[in-house]
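*Asks:* Protein chains in written order, with my numbering: chain V, 1 to 576; chain H, 577 to 876.
Among the hints, a few may not be true.
[What the hints assert, rightly or not] Chain V is faced by these chain H residues, among others (derived, beta-carbon under 7 Å):
#	residue
1	R602
2	A603
3	R606
4	P615
5	Y688
6	I714
7	P715
8	E717
9	G727
10	P779
11	D786
12	R788
13	L789
14	A791
15	K792
16	A793
Calculated from the structure, these hints are not laboratory results.
Positions of the beta carbon are idealized from the N, C-alpha and C atoms, including for glycine.
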Amino acid sequence: MGNYEFDFNEAGPYGSAVRLLSTSAPEGRVVLDVGCGAGAVAGPLGALGATYVGLDLDEESVAALTERGVEAHVLDLTRPDLREALDKVVNGRRVAAVLCLDVLEHVPDPKSVLEVLASLAAEQSDVELVVSVPNVGHVDLARQLLAGRWDMTESGLLDRTHVRFFTERTLTELMVSTGWYEAAREDFVLNRSDQSRAGHPLFEPKSTLGALVDQVRSGADEHGKVNQFVRRYHRGAARVAVAVEEEQPFLTVVMRTQGKRPDTLVDVLCCLGAQTDLDFEVVMVVHDSSMETEVRGVVDQFEGNLAHRVTVVPCDGGTRGRPANAGLAAARGEYVVFLDDDDLVTANWVENIKSGARTSPGTLVRWWAAEQHREWAPNGLLATHTATGPLTPTYATRFDMVKHIRQNETPFHCFAFPRVLVEMGFRFDESLTVCEDWEFLVRAASFCGVHDTEEMTSIYNKWSEKSSSHAVATDEWLVMRSMVHVALDEKPLLLPPGSVRSLDRRLEREEVLQRRIDALEGELAAVRAQLAHTEQVSTNAHFALSELRASTSWKVSAPVRLAGAVAKKAREKRQS
Amino acid sequence: MSSPSSVRVAVVLYENPLAEVWRCVRALNRSAQLALDAPEVGLNKVVLAIGDCSDVPVIGEGDLRELRAGADPRVELEHTFFQANLGHSAGSNALAEGALEDAVLFLNPDSYVAPTLVRHLVEALRDPEVVAADGRQIPCEHPKHFDPRLGDQSWASGACLVVRSADFHAVGGFDARWFPSYVNDVDLSWRLRMRGKRVVHQPRAVLFHDKRLDAKAGVRTTAIEPYEGILGRLMLATRFDRPDIVTETVEVLEVHGSDEQRRALEEYQRRHSGGDLPPVLPDAASVADFINGEYGRRRF
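Chain V extracted, bound-state conformation (with noise of 0.2 Å):
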């Protein structure tokens, strides 16, 4: 007998391939079972009204579904003549169905095999093919890695018979290359896999490092906890995806515009045109679908050379981060910038930020902004709009994570990150109002790093507010932020080196701090005693004074008082 004994459970692998089987009509018909082992799903199918036929290679396995009643041939799916084979089983019968149930993992041109059940297929009507893989790309065999091992085991994950490995996308790939399309999944998950390893740190998803992997994982796609992939498949054309040379500009300049304020586009737009490095393309997303022609309009207006790099996205509804996602969808660039439609660069933009991405690869680069106070001009005058105070270098810090933490300090058009960021799962949060790029920047700072290139390259215009489309009520922005701590605060963040000291010397400078505030506050607690008891002196006084005053000696003894006073005016005045 082989190793893969696994009786039917409702909740595993097997349930869910008779599930995606119930709704496909297998009365009458033969569901093949390729690789069938011990025949776990023979009893489900048959209760489905299906004539089940199980195939392996294992003799063993096969006599006993005999023994049991249940037809079954022994085939070998690298044997040459498959397709005969399997015609030689079928015997003119129909159909239903197929079921490679653990199987493509353990031959060694699983393509081959999958060719032959879909010419098999093509020649009935509505079969289908129903697979269950196991997922190379579990989050556990990630864990396992990051600790250095690679353990096979008898059944499982990486059992040591398997001899292909598939993660989503490969098996797909493969699917469609033979002429199968998905029609149904029900894949299997395992939050812990048979590889995890329970206590382990890089396993524990309450554990810092746990959450963070899972964080990582989970970014690039949603089968970090598949096990099993387990679905099924209609016969189609085969198609093989070809890989398109396309050549990939080293900068995605995302542009988001409403297209209402055409005068600051046309300056943003003579800013790109005019860069000395001209690697870049550009992705104007028009925040209002109406306005893309009059935009498009705008930019064609330029010479071609700018225009053909510019490709203009509509998109409708939700806060400023929709536009920017869209714009991420779209790029194609190793880097991406953002680039708001009324701020200003200069020609050493692009170039500078393609040099800070080759000194450090990998990272988020950031440079220094110039602040420019500008107002539009009522309507009537020359201009519409004009700089109304000097450059000011307002951005010309370097990147502090614990200070961003607190507060943005770095405007869009100041950061560029590699657009594989996206693979991963970065987006900015269409919940934001605002701040949505706050949020974005801190995330990707945590997982890149910053490389500041110290060059100063842009200049943010800052609109007076009675001019501005984008003053925003100070009680919205303090909600946000709110938001922002929220989301930050959902997963592990990561800070980069340097930030001990950098951390310490603010909480020692807090210490130093809250040691005066005490020292003043028993200075003061001093001072308050001391006039308190200052206070009751003084009251005492006036109390013990007023009462003397009411006394009967005291009234008696007046005339004496006064004849005193008279004698000691007229001792001072003889003595002057």
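Since the structure of chain V is already known, use the hints to place chain H on it.
*Replies:* Only chain H this time, still in chain V's reference frame:
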């Protein structure tokens, strides 16, 4: 109709990278094309005259062919290799000499003009009293004051300056003798204004002028600018009959001047001793706006 129907664009090169020339020509060609396409602008001819003051031609023959091939057929491209560093004034004058076009647009090669720049500058000359106009520079906007409704200003920047040809020639063009490369635009503007003509700013005519910023958000200057700036100021104050400004500048620089500025001061004093200074223009002080170290009011 006073708007020019033909414009000669004069671009003086000195050791500029070829990519910069392409950048300039691409944008200018497009802007000229759109202006020529719009019948209401009334423009029917644009000549792009490039004059090269470099030691070795920036534009080779092959490059010139490609530049011409990329240009609109209505934009005629002329190229002159001067074989000498004439300076901006003499180079510009040479390119404008004998110009048959109604107006000359002097343009720095380190620029990228907006698609609507040519149109807006041509339209700025619609009023016959307006003889010169400049555009709005980005990303570093010039702080000089201009009338918000009419555009009138003290002087127009030579980085992108359109002047009626007749008026340009009437005042003798740029003064290459006394202002070979710096403040020659202020000098020209003031001489035009002395004839009672208007010099305006057209903020809708946008050009990107390739200025870089230092860490303190200051516009980076070339090594020679502090020297040339002071020498030019002293020469301007002399020519435009403002001895008070000369005295003030000398006194301030003697105490606070940098090495370069003091070197300029010494050069001025040397010229002064040798009688090698521009003659004072009669009635010049009326247009000479020396305000707080600038040549006119500032907005900020």
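*Asks:* Against which earlier hints does the structure fall short, listed by number upward?
*Replies:* The structure conflicts with hint 4 only, although it agrees with all the remaining ones.
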